[in-house]
Amino acid sequence: MRDAVGRRTFLKRSAMGSAASLTPTGLLAVGAGQAQKPAAPSERVRVGLIGVGVRGRDHHLRFLGANPRVEIAAICDVDRSRADFAGQLALRGSKRRPLIFGDFRSLLDRKDIDAVVIATPDHWHSIIAIQAMEAGKDVYCEKPLTLFIAEGRRMVNVARQYGTVIQVGSQQRSDWHFRRAVALVRRQRIGRLKRIVTHLGNPGTTSGAFINPGVWEPVQTPPEGLDFNMWLGPAPYHEYSPNRCHFEFRYNLDHSGGRITDWGAHHNDIAQWALDMDASGPVRIEGKGGFNKAGPYDYANYLEVHYTYGNGIELVCENEHGNGVRFEGSDGWINVTRLRLDASSPEILTEPVSGQDIRAYDEKNKSEEIPGTDEHHNNWLDCIKSRQRCAADIETGHRSATVCHLGNIAMRLGRKLEWDPDKEQFVGDAGANILKDKPFRAPWRL
Amino acid sequence: MPTTNPEVTQWIDQLGDPDQVVAYFAYQCLLELTLRTGAPTQAEAQVCLATVLGEALTAPARASGAGAQPASFAGNPFLAAVASQTASYRYAPRVRVQLARLLGLLPCDSAVPFLKQALMDLEARDMARCSLESNASESATEALIGALAAVGATFLTGVVNSLANRSGPSIVQALRKAAQEPQPEVRDAALMALAAIPDSSHDSIIEQAAHTGSAAERRLAHVARARLAETLRASGDKLGAAHIYRAILTSDAEEPQKRAARLALA
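Those protein sequences? They're chains A and B, same order as listed.
Be aware that the first sequence starts at 939, since it is given in our numbering, and climbs by one per residue.
Be aware that the second sequence starts at 40, since it is given in our numbering, and climbs by one per residue.
Worth flagging that the hints you see were computed from the coordinates, not collected in a lab.
Beta carbons are placed, not taken as given, at the ideal position from N, Cα and C, and that holds for glycine.
Hints are supplied without guarantee of correctness; some may be wrong.
As the list claims (entries may be wrong) - List time: in silico EDC-like cross-link candidates among lysine to aspartate or glutamate, alpha-carbon distance up to 20 Å:
1) K1132(A) x E1242(A)
2) K1231(A) x D56(B)
3) K297(B) x D1050(A)
4) K1231(A) x D148(B)
5) K1226(A) x E71(B)
6) K1354(A) x E71(B)
7) K1049(A) x E293(B)
8) K1226(A) x E1252(A)
9) K1049(A) x D291(B)
10) K1231(A) x D58(B)
11) K1231(A) x D52(B)
As the list claims (entries may be wrong) - Facing chain A, a subset of chain B residues (Cβ under 7 Å, in silico):
12) P57
13) P79
14) T80
15) D165
If we strip away everything but chain A, and leave its shape as in the complex, we get (with noise of 0.2 Å):
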C-alpha cells in the first residue's frame, strides 16, 4: 500500500526516519503506476530541467511538461537561445512562467526546486548530479551515468548519503518489451541462460554499422548567448567548432563515450540486469574497435567487445547488426527490440508470466511512440514519493555505464583486461587503471 504522503511532507517527517524505507527495487518488486489525475499544486514536483537540447527539450521537456504530477519549475542551459526557447514551450499549457538560469548553480541554489533532470553532455552528469544531491534535490540523470568509471561510485556513495531518489535515463528498464524478456530469461524460459548478444547498430536496420566519421569544419567564435567555456566544463579545453558541440557531443570522447555508452548503456543494461548482475560486471573484457583516424568524431564507430562473467556467461557487445538484445540458452532464444518481442519458439512467449513478474501497467506502454518513456518519469515521481529506490538506481546505472567503460578501455588497449568488480579496478595493469579516471580542468571537481 502506497503511502499517501507529499514530498513536502515526507522531507518533514524524514526529520525522524530513516533510510531504511529506501529499499531497492528488483525486477518484481517495482509498483504499480500512480493514475494520471492532476495533483494539488502542492503536492506537485517542482522540477528544473538542466540541459535543454534535443533530449532535454524534445524528451523531458515535452513528457514532464505534460504529466500533471509535475510543474516545470526552471529551465537552465549554458545556450540562452535554447533555454529561452525551452522556457517558451514550457509556458504553454501553464499558468506558471519557468525560472530561466544559464549556470545550473544558481538553479541548485532555489530552494523551491524539489528535483532536477540532468540533460547534459556526458562530462557534466557527476558534477552537476552530486552538487543537485548535497542540495537536497532529487535526480534524474541522464544515460549514460557517466563518463569514466571512478565518478560513478562517488555518485552512488552522495545519493545513498542524502538518501536521494535517483533515476537514470536507461527506460527501456520501465519498457515492456525489455521488462518481459528479462522475465523471461531469469525465470529460464529459454533454459540456461549462455550468452547475451547486444547489437548497437542503428534501430530499424538489420545490418549496417553506424559510422559518421563526422565532416571538419574549421574553428570558430562561438555563437552568441552560448556561452562555450561553461559548455566545455571539466573538460579538456577545445576551441570553438559546431562537430563538438550540443547533438555531436556524442561523438568525441572528450565529452561521451561514443556509441558504446551512448546505445550500450541502453542495451548492456538490460544485459546487466538479465544477468542480475546490478551491483557487479564481468571479469574479463577484450575488444576491437575502428577508431577513424581521419577524424573528427574519435569514437570507436566499430565495435566488438566481448565481455565474460564469473559464472561464465558471455556478453558480446557489437554495432553490426541491428538494434536490440538477443539471449541464447540451452533450450531456445528470445531477441527484443524497442519494437518487437521474438523467440525460439511461440510459447516462450506466450507461457503466461504472472501479475509479479511485470508491472501491472506494462500493456499500455505498448502504443507508445517512445516506449518506457512515460512510465520511466512516472517511476521516478512515484519513488519521489514513496522514497523507494527506482527501476533505474543510480548503482544500477553506475554498473551498466561501468561495462560500457570497459569495452571502450579494452578496445583502446587493444589487449586482453581482467576486472574486479568488487573492488573495481583492473587486475594487474596500471595503464588500465589510469583509464578509469579522468582528471577535471581547473577549477572543476566532484
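Please arrange chain B on chain A, whose structure you already have, making use of the hints.
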C-alpha cells in the same frame, strides 16, 4: 633499451600542422602508441616514449625559429625580467598540451620530471597538472605539492583538487596550508580535499570555515563537513562520523546536510 618508432618524432611535428586532418591523425597515432605502450610488459618502452614525448613538451625554441626571444632588454630591468622569465618553446601551446596529456597515460615515473617542468609553462600547466594527477608515483605527488607555490587561483584550485585524490602526511600538511589561502576558491577546494581524507582532526578546520566567509563559503564548508563525516564512516571510524553528524544537526547547516545527518544517525 628499445628504440622509439622513428615515426614518433614525425607525428609530434605534425601535431602542429595547420591542416586539421594531418594534426588529428598524428595525435591519434601517438595516442594509440602511448596506450599500447602502457601495457604491463612494456616498462622499458614506456621510459623511452616518455623521454621522447617529454623532451618535445619542454623543448626550447630554436634560436632562429619562431617564438625565439627577439631582442635584448638591457637598460629596462622590468622588460629584462619579463624576457628572462618568459620561456619560449619549440612547439605551439596546443601541441604542448597534447604532449602533456599523452604523458599522463604512461604508468611510469619517467614522465614526471617533464610534467613537473611543464608546470612552469603557463599554457600547458593545467594539462600537466591533470597528467600528474593520473600518475600514482611519489614524485608526482611531490611535483603537485611544489605547484602550490605557483600563482593563479584557477590553477591552484586544480592543484588542490588533484591532491585530494592522494594521501600521506605531506599531502595533509599542504592541504592544511592551502585551507588558509587568501583566495576563497583555493580555500574551498582545500576544505573539500581535506574532507576526502579520513582524519577527524580536519573537522576543526572545516568547522571554523563554516563560521567565516561569505554565505556561499559557509554553505560549502557545511557540505565539506558532511563529506568528511561520510569519509570517516566509510573508513570505519563510525564514532568520528557520528560526532560530526551530531554537530551538523546543532549547527546552522542547511536542511540537506541535516537530513543526511539524520539518515546517518538513525
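Evaluation of the provided hints:
Taking the CA atoms of K1132(A) and E1242(A), the gap is near 18 Å; set against the 20 Å cutoff, the hint holds. Between the alpha carbons of K1231(A) and D56(B) the distance comes to roughly 15 Å, so the proposed pair stays at or under 20 Å and holds. For the given pair, K297(B) sits about 18 Å from D1050(A) by alpha-carbon distance, which is consistent with the 20 Å threshold. Taking the CA atoms of K1231(A) and D148(B), the gap is about 29 Å. The hint is violated against a cut of 20 Å.
With a C-alpha separation of about 13 Å, the suggested pairing of K1226(A) with E71(B) holds against the 20 Å cut-off. Pair hint K1354(A) plus E71(B) holds up; C-alpha atoms about 16 Å apart against a cutoff of 20 Å. Distance check on the hinted pair: K1049(A) and E293(B) sit about 10 Å apart at the alpha-carbon level, within 20 Å; holds. Taking the CA atoms of K1226(A) and E1252(A), the gap is about 16 Å. The hint holds against a cut of 20 Å.
Distance check on the hinted pair: K1049(A) and D291(B) sit about 16 Å apart at the alpha-carbon level, within 20 Å; holds. At roughly 14 Å between alpha-carbon atoms, K1231(A) and D58(B) fall within 20 Å of each other, so this suggested pair holds. For the given pair, K1231(A) sits about 17 Å from D52(B) by alpha-carbon distance, which is consistent with the 20 Å threshold. Annotation: P57(B) was flagged as interfacial toward chain A, and the flag is violated, the nearest CB pair being 11 Å apart, outside 7 Å.
A least Cβ separation of about 6 Å between P79(B) and chain A falls short of the 7 Å threshold, and the interface hint therefore holds. The criterion of a C-beta within 7 Å of any C-beta in chain A is not met by T80(B), whose closest approach is roughly 9 Å, and the hint is violated. With 7 Å as the threshold, the beta carbon of D165(B) comes within range of chain A, its nearest partner Cβ sitting at about 5 Å, so the hint holds.
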